[in-house]
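Novice: For this one, chain A is given, so just place chain B with the ligand on it according to the hints.
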Amino acid sequence: MSTQSLIPTVEVQDDFRARAHKALGDQQLRNNFRSAMDSLMTKRAVAFSDAHEREHLRALGNAIRARALSKLPDLLEQLEQNLTRNGVKVHWAETVDEANGIVLSIIRAHEARQVIKGKSMVSEEMEMNHVLAEQGIECLESDMGEFIVQLDHEKPSHIIMPAIHKNAGQVASLFHDKLGVEYTKDVDQLIQIGRRVLREKFFEADVGVSGVNFAVAETGTLLLVENEGNGRMSTTVPPVHIAVTGIEKVVENLRDVVPLLSLLTRSALGQPITTYVNMISGPRKAEELDGPQEVHLVLLDNGRSQAFADSELRQTLNCIRCGACMNHCPVYTRIGGHTYGEVYPGPIGKIITPHMVGLAKVPDHPSASSLCGACGEVCPVKIPIPALLRRLREENVKAPDSPHQVMRGQGSKYSRKERMIWNVWTRLNTSPRLYRLFGFFATRLRQLVPSNVGPWTQNHSAPKPAARSLHELAREHLAKQDKH
Amino acid sequence: MSAKQNILAKLRKSLTGTTPLADNFDEALVTEPWRYAPEQRIAQLRKLMEAVHTEIHLTTAADWPQRVAQLMRERQLPSLLIAPATAHGQQLTAYWQQCGDLPPLKAYDRPVEDWKAELFNDTPASLTGTLGAIAATGSLIVWPTPQEPRLMSLVPPVHFALLNASEIHDNFYEVQQKFSWAAGMPTNALLISGPSKTADIEQVLAYGAHGPKDLVVLILEDR
Ligand code: SF4
Chain A
1 MSTQSLIPTV EVQDDFRARA HKALGDQQLR NNFRSAMDSL MTKRAVAFSD AHEREHLRAL
61 GNAIRARALS KLPDLLEQLE QNLTRNGVKV HWAETVDEAN GIVLSIIRAH EARQVIKGKS
121 MVSEEMEMNH VLAEQGIECL ESDMGEFIVQ LDHEKPSHII MPAIHKNAGQ VASLFHDKLG
181 VEYTKDVDQL IQIGRRVLRE KFFEADVGVS GVNFAVAETG TLLLVENEGN GRMSTTVPPV
241 HIAVTGIEKV VENLRDVVPL LSLLTRSALG QPITTYVNMI SGPRKAEELD GPQEVHLVLL
301 DNGRSQAFAD SELRQTLNCI RCGACMNHCP VYTRIGGHTY GEVYPGPIGK IITPHMVGLA
361 KVPDHPSASS LCGACGEVCP VKIPIPALLR RLREENVKAP DSPHQVMRGQ GSKYSRKERM
421 IWNVWTRLNT SPRLYRLFGF FATRLRQLVP SNVGPWTQNH SAPKPAARSL HELAREHLAK
481 QDKH
Chain B
1001 MSAKQNILAK LRKSLTGTTP LADNFDEALV TEPWRYAPEQ RIAQLRKLME AVHTEIHLTT
1061 AADWPQRVAQ LMRERQLPSL LIAPATAHGQ QLTAYWQQCG DLPPLKAYDR PVEDWKAELF
1121 NDTPASLTGT LGAIAATGSL IVWPTPQEPR LMSLVPPVHF ALLNASEIHD NFYEVQQKFS
1181 WAAGMPTNAL LISGPSKTAD IEQVLAYGAH GPKDLVVLIL EDR
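If you read the protein sequences in the order shown, they are chains A and B.
First residue of the first sequence: 1, per the numbering used here; consecutive thereafter.
First residue of the second sequence: 1001, per the numbering used here; consecutive thereafter.
These are calculated hints, taken from the structure and not from any lab test.
It is possible that some hints are incorrect.
Straight-line distance between alpha carbons at most 30 Å, and here's what the computed DSS-like set of lysine-lysine pairs gives [claimed, not checked]:
hint	chain 1	residue 1	chain 2	residue 2
1	B	Lys1213	B	Lys1106
2	B	Lys1116	A	Lys285
3	A	Lys361	B	Lys1013
4	A	Lys71	A	Lys89
5	A	Lys43	B	Lys1213
Looking at chain A on its own, in the form it has when it is part of the complex (with noise of 0.2 Å):
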C-alpha cells in the first residue's frame, strides 16, 4: 500500500446550499444515511426504556458538565498538576497551528516516520494527517471507519461512525482498489483485511496519536471509549502516546464519569458500555513491561475560550461528542455530514464550528436547521441545542458597528435592506395608528400583491391579505352591537 497517497483528503466544493442541493440528489447518499440514523435512534430507544432513569441521568449529566466548566481554569491546572506527577507531559495550544508544532517537535525529537491514531475529532480540527504528511510523516487511521475514509481521501461524514455514508459494496471496491485484494462485500471479511493491515502498522508506528474521551482531573487520568481495540493498541504499542483534546474536556471527580459514560454509550450507539473502558494515568513504570515509555497530552482551545465567554453560548461545550444530536436531525439524516463542509457536522457541528472558524465562514450554519427541536431533547448533557441556533442566527445579523462583539465573524450576513425593513416592520406593529393606517391599506390595495415573492412563491402560494382586517370586522361587529 503507498502510504503517501493516502492523506491528501478531497476539498469541499462550493457552498452549503449546493453542496446540500447536490447530496439531496443523491438517492444512494440518501439511503446509507437514512437506514443508520433510524437503526441509531431505535438503538438509543431502547437503550433509555426508562424514560424516567433517562431525564434523571441527563439532568445530573447536565449539572456535571456545568460544575466543571464553571470553575474550568481551576481543574484544567489540577490536571495538569496530577497528570505531571503522574509522568505525562501537559502542553497548551490556543491554536490548531500551535497543537501541530507540539506534536511535530515531540515527533521530531523521537525522529518518528510512522504515526499510528485512533479516532479522533480534535486531531480533525488540526488537519494532523495532512500536517504530517506534508513532513514525510505518515499517519495512519486506525479506527475501521476513519481509516475507509482516509483510503478514499474523505473525511469522517460523522463523528462516532466515520464513514457511515458508505455501503459495503462501496468498501468492497475501495478495499479492491486500494489494498489490492479480492472484491468482498462480505463485511467480517473486510474488517479482517482491514485488521490485517493494520495490526503491521501498529506493531511498527514510532508514535501513537489518540484523543481523550474525559480526562479527570482529580486523579490525573484519561478516559477513552472505544469499541474496536484500536484505540488501546495506539495507546499502549507505541513507545510515545500523544493524546490530543479540547480545553472543555476535563471532569473534575472520577465519580463523573460514571453517569457520563453511560449517557455517551447508550447516547452513541445503544450500548449499556463500550467494549473498551480505557483509563490511562500515566507512562510505562520502571518495573512494567509495557505500554509507552511517554505520555503527551496537548489541550487545545482553538476558539473554545471564545464560546466560554458568553454564558448562553458556553453551554456548547457541555458536549459530549455523542452523536444523537445529528442521528436524530431531519436535516442531516438528509444531507449527510459531508454537506457541512466542517469538522463536526450536524447540529453540534453548527453551533461549534462557527467558534472555531468564525461565523463569516460558515454563514449558513445556524440556519440549515427547521428547529424541530430533536437535537435538544435528545442531547444527554441537555444542550439547548435549538435555543443557541437562535441566537447564533441574531449574532449572524448584528449591525458591523455593534459594539458587542460576541464572536469572530459575527454579523456575516447583516444587509442593509434587510435591517431596515425589518425597522419599519418594527414600527408598525409598535404604533397602533401606523398598523391601522397599514391594514387599510393593505385590505384595499390587496389585489396589487406581486405573484411572485422571492423565495416564499417557490413552495407557496403568495400570500393575500382578506379583504377586511380582523380589527376592523371586530370594529364594526362592536359598533352594529352597540346600535341593538
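Specialist: What follows is chain B with the ligand alone, placed relative to chain A:
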C-alpha cells in the same frame, strides 16, 4: 505570555463575578437502577456479556486449569501466554507440568521490546486474571500489573479471563467507591466488556476488529 497563561486568563476573565456551581452529585441515580441480588449477579453479567459474543464457563477454583486445557484442545490453540509470577499463572503451570502433553505455555516475563514480533505474530491466546466484574454493564475490571502487563488482554486473538464469582459487583460507581479508585489509579485501568468489535461498515456488527476475536470468561463459582 504562554499559551497556557493566555487560555487560563481568558477563561478566568469570562468567569469574573461568578461562583463555582455546587456539587450535587446524586449517587442514587447511578446505583439504584443498577442493583442485583447476589444470586442474580452471575446471570446479569452473563446475559450482557453473551449478548456481545463473550463465551462464559462456570467452573471452580480447583478445576479451572483443566477447563482451560480442554478449551484449548477444542480450539486447537498451539500455545498459551501466561503471567508466570501470578498465583493463577503458577496454578496453571503446575497443572500443565502434571499433565505433560499440553500445548506449550509462554511466559510474559520480559519487556515487550524483546519479543514484540513473537507477541504479534505467534501468540494465539492468553490467560489473565481480573479484579472482578460489573453486573450492570457486563464488564470485567482489569488492572494490568508488572506481573501481568497490558498487552496480554489485547494482542492475542483469544483471551481467557478468570473471574471470582464473589467479586462481581453491581455497578461502576460502587466499584470506584469500594476500592477507593479516586485515591490512586494505576498506569492503566480497563473495563473489558466483550471481544473487540466494530459496526463501522453499514452498521453491521463484526467481531475481532483489532483486539481479541474471542473473549472466554471462566467464572470460579466457589471463589
Ligand atoms: S450536542 Fe449533545 S447530542 Fe450532540 S454530540 Fe454533543 S452531547 Fe451529543
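Novice: Give a verdict on every hint.
Specialist: Comparing the hints with the structure gives:
1. This hinted pair checks out: Lys1213 (chain B) and Lys1106 (chain B) have alpha carbons roughly 20 Å apart, not beyond 30 Å.
2. Proximity of Lys1116 (chain B) to Lys285 (chain A) is assessed by CA-CA distance (about 18 Å); at most 30 Å being required, the pair is judged to hold.
3. A threshold of 30 Å between alpha carbons decides the hint, and for Lys361 (chain A) with Lys1013 (chain B) the separation of about 27 Å falls inside it, so the pair holds.
4. For the suggested pair Lys71 (chain A) and Lys89 (chain A), the alpha carbons sit about 22 Å apart, so the restraint of at most 30 Å is met.
5. Between Lys43 (chain A) and Lys1213 (chain B) the CA atoms are separated by roughly 24 Å; this keeps the pair inside 30 Å, and the hint holds.
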